[in-house]
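Student: Once you've looked at the hints, dock chain B against the given chain A.
Top to bottom, those sequences are chains A and B. Just so it is clear: in the first sequence, position 213 is 213 by the numbering used here, and no numbers are missing. In the numbering used here, each residue carries its 1-based index in the second sequence increased by 331.
It should be emphasised that the hints constitute simulated quantities derived from the structure, not laboratory data. There is no bait here: all hints are sound.
Cβ-Cβ distance ranges computed for the label pairs, FRET-style:
#	chain 1	residue 1	chain 2	residue 2	range
1	B	Gly-387	A	Val-158	30 to 36 Å
2	B	Arg-545	A	Ile-196	50 to 56 Å
3	B	Leu-450	A	Ile-192	41 to 47 Å
The calculated DSSO-like cross-link candidates involving lysine-lysine, where the alpha carbons are at most 30 Å apart (straight line), are:
#	chain 1	residue 1	chain 2	residue 2
4	A	Lys-52	B	Lys-458
5	A	Lys-39	A	Lys-52
6	A	Lys-52	A	Lys-42
7	B	Lys-416	B	Lys-497
8	B	Lys-619	B	Lys-629
9	B	Lys-416	A	Lys-184
Which stretches of chain A does chain B cover? Using the computed rule of at least three CB atoms under 8 Å from a CB of chain B, they are:
#	stretch
10	259-271
11	303-316
Heads up, the beta-carbon is just placed ideally off N, CA and C, and yes, glycines get one too.
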Amino acid sequence: MTERTSYSTFLGGEMTTGTQPQIYIHETVRHNRLRRYWKNLKETWGLFAEDKIGLLGLGIIIFYALLAAAHPILMNTVWDSKVYDPFIGNDPLVINNPSPPSATHILGTDPMGRDVLSQLMSSTRNEFVLGFLAAIITVILATSIGAIAAYFGGWPDVLFMRLADLINILPFIALLVVLSAFIKMNLWVLAIVIGILSGFGGTTIIFKAQALTIKVKPYIESAKVAGGSDWHVVFYHIVPNLMPLAFLNMMFTVTGAIFSEAALSFFGLLNVRMSWGIMIYTTQAAGYMLRGLDYWYLILPGGLSITLLCTAFYLMGRALDSVVNPRLRKR
Amino acid sequence: MWKYILRRTAQVIITLLIYLFITYFLLDAQPGDMTLQYMNPRFTETQRQALAVRLGLDRPVTERFIMWIGNMLRGELGDSFSESKPVIDIIKERAPRTIFLFLTAALTTFGVGYYLGRLLAWQRGTKTEYVITIFGAVMYSIFLPWFALLMVLIFSYHFKWFPLGKFLDPLVWRGLPKEMNANLIFNRLMLTVMLVVLALVVVTILARKYAPNRAGQVISGVTFVVLVLALLAWITFPYRYLAGDILRHLVLPVLTLTLVNFSGTMLLTRTTMLETLREDYIMAARAKGLPERMVRDKHAARNAMLPVFSNFIIGLPFIVAGGIITETVFSWPGMGLTLLQAATTSDIPLIMGTWLFIGLLSLTAHLVADIAYVFIDPRIRYT
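Only chain B is shown next, with the shape it has when bound in the complex:
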């Protein structure tokens, strides 16, 4: 299994390199070059050429690409034209916001979709099924930017339940000590979410031995304990109201992303669940006299989960892409919004930087999900 994980990691790194090379090459094939960014009408042609030599633009593209990779590994991504700051600083500042949004949205999407899909398979042919299916299909193809704006209109403008946009309220954050900043809070929030998820995954794996009733009790018990612990940890933290402020801003984007993305998982869970129910081993399980709940949770649901999970892996980029649109609409100043701004201002170093980040995020998410698959799939043994 470790060999498999290592091989996947190596593949991901190679893919990343190819991906970066294609982007770099495309960029290089464009008319004009970097010197135009420094252009000044009084520049003569010789001055421009001298500048090109100084910037290393006279060398072949492959050599420059290798230099760029070397610089990237040392954390130098150049300076942004539009913000006159090192790109790496911009990424460091904004990446946690995007990762946190993405992580929360991905988790809720999968959770809600899987739960509803299981429910739907059991409600086959009823009115509930039709209503949820049509709702799901509409949400699946709804125009996200427009829908997000409608959410803002309804929940923030009309009911005033949530803030209109941005990720924090500057009034709350005034007069803090210097070492307190938003990224600190983001990192802690992210750590909390990850620890809770990790604990749940470990418990779920350990609880597989028990009968579903018992396992359900164990899992919900442990979930409760973990959540209480997490809450306790936050209550002892003096700046907990700052985290509350961020979470209040987070609700609407995550809700929007979940509503738009859940139906893919839901419809697939339903289909695979129905297909699994026709299998012989389900009939065997029923013939043994097992209770319906046991058949559903232990025999059907776990086998039906595999295609759903692999589809979820394939669907991850959509959540990232959706995140970019959501960030724009909610003016959540993360990497997606940065990418859009960089693209509209032709800020090439910033485009490469954010693009690198988005590629890394997608690939890492894929890798993590692939590795998780090893643990979930009971049939395939990787050697």
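Same shape as in the complex, but just chain A:
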């Protein structure tokens, strides 16, 4: 027997006694599944890479991910933690704060003498954690509720859809402002609140619409005929088929979450130590926002980063949209 290098199933082996050729399947089920995923991934990547705007988005996201990853490394090696700490750092060699960019402080220091680049990098990690946590909660809630509402219909459908309508017509930022008066908001709480709100809100409607088209597919019927229970059909057949859409939707939720966090920090309603919103808030509160573009190193980094990262996730979402949704492909 040779090595199991070949992928495909083939007929082989020595003809043994009898008339029947023996069939060897040189592949475990797990291996086969992995291979199909890999092939799928390659195809998806091919479709995705057609859209140059989507690649631009991905590039920006990777850039920021590297920034976030680099911060702890820099803090432990090159940067002195007393000088470069994003919350309490202070450089005794810099007398006038804020100070413009220099060799030691590449983006200058803020009005309290803290290094702007260090703040920017440490906030990036927070934004990613917040965005992905909110997106995962949203997707888990929205896929299960959407699938349940579509599959069962009846009162769960009415209840969840009316609730989604209600959340949908409310201005999101205003809702968060009101909630922040009731609940002490920090990064985790905010991620959960955003996840729940958008999970019960508009996202559910999209997922339900998609689940309705899946529900009438023949394989759902087969699964039921084969004796699958309702819950089995919902969670093993409908939900996995919602996954491409879920992945696409995560991109938009991340954008929304980063924006909301920044807006609340900017209003000073969020109990978080450092974020891009807080950087803008500090600049404005200290009065450097309207002192002209001489203070660009205070004005630009925070706002530009929020805008760039949000745009990147949005562009990536649009590119994924044309992968998931064949109607939008170029023809």
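Tutor: Chain B alone, transformed into the frame defined by chain A:
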């Protein structure tokens, strides 16, 4: 159709009640209660309980909610803690400012977005399309508070074209007779905008019978006449410079809101327009030998408008939310700024009051847009 409108109105009222109940319940579930607002270190526990009984806090939450609804219908929303004024007075004073800002911003957003989207669909594959699309995507996800501050920095601070903030210049408003106040001007401005829009909607509906060329002429003619009439009405008004002052303060917030919000409408118009162009009836219209402009305006644009309009309805809350941020940055003293101040000072009656107002504004806008949809949609007949 009237039945449909009535049903929608009933639904909106029920939604509003549920919405208020959820807010009230959330508020009630918080640790501590209203008595803490009156707390004084020397208060004993019995005194506090007596106060709770006097304020009706010992009753179940549903009963209190019904009482609150009853009071609300009579226009009593309690007193604000931080401003020691009745909440209803604060709302009456500040609501027109927000409504006017919102109305103007919503109209310009939709107008600009729809116009550019139509243009974009016709420019498919050109450089213009790429540039506008990327610009639109960046504006769509730009960080609004920061962008608004940049607008202030550029247009008010650097070029000094517009004022830095607030909604009027106190120097202009000195020494006026007592019955003249800002709300009077706001109400008149709002009335003007609404009348102009109403006239345009009526004309557009009436002009549907004509061929697009002719309809275009009729619509622009009537627009001109209506605008001239509105201007004439304002010129005869002795305090017109006050309105000018308010409008001068209004330009920058509306410009900011439009720039941030238009791209959603624009990108969607483009997509639906391109999808509509592939339909069979467009080919049929072209095969009939109709001029390109007729195909675009009468056959494609009107059908493409439906999803755009319904998306605009869905997008209304974003304009309200954007309005809150803009109000904060431009220190436009409307309801959004009030909500933020109330939230930072835990001024519960004021929060409930502004929250009620924002809910009402969103729901009413939805309702109006839904009803307008009935008139726009040529296919669906509501019975």
